[in-house]
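Undergrad: Below are the chains, spelled out letter by letter.
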Amino acid sequence: MSTESQKLVEMRGITKRYPGVVANEDVTFDVEYGEVHTLLGENGAGKSTLMKILFGLTPADEGEVLLRGEPISISSPADAIDARIGMVHQHFMLVQPLTVAENVALGLRSGRRPFTDLDVVSKRIHELSEAHGLAVDPSTEVWRLSVGERQRVEILKALYRDAELLVLDEPTAVLTPQEVDDLFVILRHMVDDGRGLIFISHKLHEVMSLSDRITVLRNGRVVGSTTPAESTRESLAEMMVGREVLLTPRKPVLAAGRPRLSIRDLSITGDRGAVSVDNLSVEVHAGEILGVAGVSGNGQRELAEAIAGLRPVDAGTIQIDGTDITRATTASRREAGLAYVPEERMRDGAIGEFTVSENLVLVNHGSSEFAKRGLFSHAAIRKHSEDKVNEYGVKTPTVDTPTSSLSGGNIQKVIMARELGVKPGILLACQPTRGVDIGSAEYIHRRLIEQRSEGAGTLLISEDLDEVLGLADRIAVMFEGRIVAIVDAADAKREAIGLMMAGVLDD
Amino acid sequence: MLKKLVGASVPLLAAVTAFFFGAIMLVALGANPFEGFQAMLEGAFGSGERIATTAVRATPLILVGAGISIAFRARVINIGGESQIIAGALLSTVLALNAPDLPAILLVPLVLATGAVGGFLAGAVPGLLKAHAHVNEILSTIMLNLIMVQFMNYLLGGPLIDPLQTSAGTFIPQTERLSDNAALPTLVSGTRLHLGVPVAVLAAVAAFVLLWKTPLGFRLRAVGHNADAAKAAGINVKRHITYALAISGSFGGLAGSILVFGSEGQRMVTDGSAAGFTGSAGFNGIVAALFGGLHPLWTIPSAFLFGALLTGAVQLQRVLQVPASLAVTINGIVVLFVISSAKLRGYIEGRIADRVTESEEPPDDPGPLADVAIGSLDDPIQNPIDSSDGVV
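If you read the protein sequences in the order shown, they are chains F and S. Per the working numbering, the very first residue in the first sequence carries number 1; after that it's consecutive. Per the working numbering, the very first residue in the second sequence carries number 1001; after that it's consecutive.
Some hints here could point you the wrong way.
[Said to hold, decoys possible] Computed spacing ranges between beta-carbons, pair by pair:
no. : chain 1 : residue 1 : chain 2 : residue 2 : range
1   : S       : Asn1136   : F       : Asn390    : 40 to 50 Å
2   : F       : Leu375    : S       : Pro1103   : 58 to 68 Å
3   : S       : Leu1336   : F       : Arg347    : 27 to 37 Å
4   : F       : Arg17     : S       : Val1328   : 49 to 59 Å
[What the hints assert, rightly or not] Residues of chain S placed beyond 10 Å of chain F at every Cβ, according to the derived structure:
no. : residue
5   : Ala1230
6   : Ala1232
7   : Ile1235
None of these hints come from the bench; they were simulated from the model. Just so it is clear, CB atoms sit at the ideal spot from N, CA and C, and this is done for glycine as well.
Model the full structure from these sequences, guided by the hints.
TA: As structure tokens, then:
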């Protein structure tokens, strides 16, 4: 039936317009049997729109979709599933209190209705697990599973529905490097079975290692298709952004200075009442970027919140430039020289309803520069804001635009402009480039290195190991609330750090 | 642009619809709705005296409405207007009783200031409870309304009662006639238009200035929009939640002293219920604020509209023999429509926003749908810093 030349899926001349914007313009994209075809592009390049069209979540204005050589109309996810298209979303769609088998069976017709047939489901899950190396126990509740295991459940759901074409939307965002390797083995195995796979990611080294073909989208159009053999990370980045990009920031050699941030024996209780930071000590010096590597949920967030004064500590001390600030308010920590770029930028970093200008002065709006005799000097605020917007290249129609209408990268630039504007002694930067386009990320990295040159101490908390490896002078690996190792970035090996992030230490 | 248009037209539509329902009720009562509305118009604006009465009726609504706008901007809901009016009235009455001989030039500003202080304190209590003990401010402010009414009844029937009432044995719960030096001067002779009216308008302008021209207002709005980000930026969220309720309360308190010292009787009197003294201004002020889009400046015309409704109703009763409570009903229907239209507006604005942003890749968070109701009430004027240039 399937001839050599026949493709598993072909999307031809897909165009999708929204008022004022063309999300996809004449996009042609196909997947052959037994290949991983990566869709690469910045946020807003049109990857998601294309996948939404494929999965029946939104109709295309023009173009056609051919599945196994036949034109097909997919107008809902149910149609897509019937057509054996599966989608693993970036955010897991699992019901936590239910077991793996129950989650897999959810939405499917039981063979024994009105009763469930979970034993049949479990048996089939066992078979699929063995066939594809997806070790997971069908009778376990989902909330007990690790993030990597949950992802396997998502893949199992698709396999159980006999998906032949699988779309994986940024599947590695939450995984450790080892889990990523495991996932790739599984995905390879599925492809060897003759399935087709669409992989969406912006982590270039993963794209290079997994893909058979790579298609790059920019501004809704296909920029080009290539293969890993014909490309480098740099060339892919250039295709995505449209200009040359410096992926590994260059940083001058500096001698480490005096300690600026000293944390001693810090213990913190997390939200669920468990110990989340356990007797942790670390120092950040002037002119140093200390990178904290770790899988999320190992106490990094709590550590950052404690340093920022947003979470009480149980024991231990935090000092900035020798001054104890363990119990100080956030405002007085900021006065002591702390700047904070929070992990959740729209929750903690910026006020969406506020204008760009208002967010730029959120911290120091009361200073004499902006307020005289209790009244704002709007002219001064406007001038400051326009200067910052120009300096940081924030793309916004005006400084009076509501911040929530900006892209993630531009919002992050606003936050960086505000936090670095006060010439901090200590910069606490959490996931500074997560979800940020490559161009903005490059810029943010450059600013972080400038801070370092100016003698600030930077604590960089990031789940992006490439970022930590590229920026940090020393790397502290955090696991279960403790720093299990601190290594010089110069001697750091990606694999070794990955193992330490998973709690594996060679003695 | 489109959004602004929708924002402005929806409350007007709500008012028109409410009057349409009012017309149906008039017909049901056997009256001609056109005659009815004409009577109301005449009652509210038919003569200088009537306009003055309308303005006086609007005064506490302007104040309570402006105060509530401040609280709402900090995302604190103040239903305690009644208690704050009473607190302001009581405290300023006590002052006037104890310092009757101060010259008017001192005593008038002093009683007004004391009223504001009384309201500030009555607002600070639920503020502190919310900030430090997570007590829901809607419940605590409503409860405080009940408590303050009874406290007023106790004081006016006991410690503050007019000695004449005791000696005559009539025991009407009211104070003695307060010093004339404290009376708010009449601005246009032959009408009831007194100093309280311009004071209220100025106070509403002050509320606007506070919210959009001062660092304190900036922090209140920051806390209201996103307390987490405000906290991370170093703003003391608990303190500003307390401020929001207390400042909001001070406007109610000012209204309380204006009610006492702008009254014809020049004394504080209770009939035992809340409405007897306040005329439900603590609640009607919320209506005026909502109708004004929770913007202090828009609260001024909005309050005048409801003031007109209240004075017009009297004429309606007189001419058509229709119960004046019809006005209260229309009042209520406006509230229903404004509030449900806020949802409608949120929906329409959401649709407009969707069409603009759908082209972007979907954000991680589908967006705070739950916030639509309050969020859309939030911004009749989209861009405060920008719009302020146009308004003032």
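Undergrad: Run every hint past the structure and note whether it holds.
TA: Hint check results:
no. : hint                                : in the structure
1   : Asn1136(S) to Asn390(F): 40 to 50 Å : 45 Å, holds
2   : Leu375(F) to Pro1103(S): 58 to 68 Å : 32 Å, violated
3   : Leu1336(S) to Arg347(F): 27 to 37 Å : 34 Å, holds
4   : Arg17(F) to Val1328(S): 49 to 59 Å  : 52 Å, holds
5   : Ala1230                             : 7 Å, violated
6   : Ala1232                             : 4 Å, violated
7   : Ile1235                             : 7 Å, violated
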